[in-house]
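Sequences and hints are given; from them, build the entire structure.
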Amino acid sequence: MIPNQTEYPEISSNLRIQEFQDNYLPRKDFGGHIKLLSSGGPQVDHKLQALEAQFNELDISKDNLTQKFEHHRKTLASQVAQDEMWESVWNLKFTSMELNILYSYVIEALTCLHTRVCGKLPDLVRGLPTLTSVLRRKVKNKHIRVVWESVLEECGLQEGDITALCTFFIAHGSKAEYYAAKVRQMYIRDVTFMITNMVKNQALQDGLLRAVQVIEKGKALRTPEEQKSSLKDLIPIGKE
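Positions in the sequence shown are counted from 1; adding 281 to them yields our numbering.
Some hints could be false.
Stated by the list, open to error - The calculated lysine to aspartate or glutamate pairs, modelled on DMTMM-like cross-linking and capped at a C-alpha distance of 25 Å, are:
hint, residue 1, residue 2
1, Lys421, Glu434
2, Lys374, Asp471
3, Lys456, Glu434
4, Lys421, Glu351
5, Lys355, Glu430
6, Lys498, Asp364
7, Lys456, Glu368
8, Lys328, Asp340
9, Lys328, Glu351
10, Lys401, Asp364
11, Lys401, Glu497
12, Lys498, Glu434
13, Lys419, Asp404
14, Lys463, Asp487
15, Lys463, Glu497
16, Lys419, Glu430
17, Lys421, Asp404
18, Lys355, Asp344
19, Lys456, Asp364
20, Lys355, Glu440
Honestly, the hints are just simulated from the structure, not real lab data.
See the structure below:
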């Protein structure tokens with residue numbers, strides 16, 4: 282018979298404690314728990330290593346995505362810059378005479394580059410008949426690429442300048458006329474001032490100014506007559 286809990290409060294409290302222990306803390310061998318935790322150590326290490334490997338894979342994936350986004354960003358930026366340059370080239374507000382003068386500087390500068398590259402690659406001259414062939418083959422041919430870069434450095438030009446000059450040539454080469462140096466000086470004494478004030482696109486302005494600089498410093502290797510005769514061979518775009 283269970284004693285009356287009101288008469289024996291201490292017994293009632295002890296019974297409740299005992300009941301809790303029996304129901305929620307069954308008597309077991311605690312040494313077994315210790316052994317289980319001890320044996321679970323390598324499993325924990327294995328899980329940590331697996332998590333670390335997963336995090337490393339996530340880091341690699343993140344880096345790859347970052348590189349892809351950066352490449353995509355640069356591609357879009359390049360496309361935007363090219364679109365802006367084309368728009369600027371088509372919207373130049375030059376007279377026919379001024380346009381011819383700019384065209385003459387551009388063609389002489391491009392011819393100068395082609396001549397210099399061929400001069401450094403005598404064994405490949407037959408395979409480099411035009412500047413277009415140089416631009417195309419330098420992508421896969423390291424030797425041509427190294428020579429091309431050295432010529433650009435000698436002339437104080439950059440790849441962006443070549444893009445600007447070729448863009449100008451493609452846009453206006455079919456209708457523009459070549460003016461020799463003496464003729465150019467008769468019409469415009471300060472072509473640099475004209476370019477700076479009339480050409481708003483910075484990349485195009487830089488390219489045209491550097492083309493003028495190359496020619497004015499006497500870096501062109503051919504005479505104006507030779508340059509004019511080689512016009513059709515420079516870039517395969519014929520005049521109308």
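The hints, checked one at a time:
Taking the CA atoms of Lys421 and Glu434, the gap is near 20 Å; set against the 25 Å cutoff, the hint holds. Taking the CA atoms of Lys374 and Asp471, the gap is near 17 Å; set against the 25 Å cutoff, the hint holds. For the given pair, Lys456 sits about 31 Å from Glu434 by alpha-carbon distance, which is inconsistent with the 25 Å threshold. Taking the CA atoms of Lys421 and Glu351, the gap is about 24 Å. The hint holds against a cut of 25 Å.
Proposed proximity of Lys355 and Glu430 is supported: the alpha carbons are some 22 Å apart, at most 25 Å. Proximity of Lys498 to Asp364 is assessed by CA-CA distance (about 31 Å); at most 25 Å being required, the pair is judged violated. Of the supplied pair hints, the one linking Lys456 and Glu368 holds, its CA atoms being roughly 18 Å apart against a limit of 25 Å. The straight-line distance between the Cα atoms of Lys328 and Asp340 is roughly 18 Å, inside the 25 Å bound, and the hint therefore holds.
For the hint pairing Lys328 with Glu351, the CA-to-CA distance comes to about 34 Å; that exceeds 25 Å, so the pair is violated. Taking the CA atoms of Lys401 and Asp364, the gap is near 34 Å; set against the 25 Å cutoff, the hint is violated. Among the hinted pairs, Lys401 with Glu497 is consistent with the structure: their alpha-carbon atoms are about 22 Å apart, no more than 25 Å. At most 25 Å may separate the alpha-carbon atoms for a hinted pair to count; Lys498 and Glu434 meet this at roughly 15 Å.
Pair hint Lys419 plus Asp404 holds up; C-alpha atoms about 15 Å apart against a cutoff of 25 Å. A hinted pair counts as satisfied when its Cα atoms are at most 25 Å apart, and Lys463 with Asp487 qualifies at roughly 24 Å. Between Lys463 and Glu497, the direct Cα distance comes to roughly 12 Å. Compliance with the 25 Å bound is thereby established for this hinted pair. Between Lys419 and Glu430, the direct Cα distance comes to roughly 10 Å. Compliance with the 25 Å bound is thereby established for this hinted pair.
Using a Cα cut-off of 25 Å, the hinted pair Lys421 and Asp404 holds, with the two alpha carbons roughly 17 Å apart. For the hint linking Lys355 to Asp344, the alpha-carbon distance of about 16 Å falls within 25 Å, and the restraint holds. Pair hint Lys456 plus Asp364 holds up; C-alpha atoms about 22 Å apart against a cutoff of 25 Å. Our distance criterion of 25 Å between C-alpha atoms is met by Lys355 and Glu440, whose separation comes to about 16 Å.
Comparing the model with each earlier hint shows violations of hints 3, 6, 9, 10; every other hint is respected.
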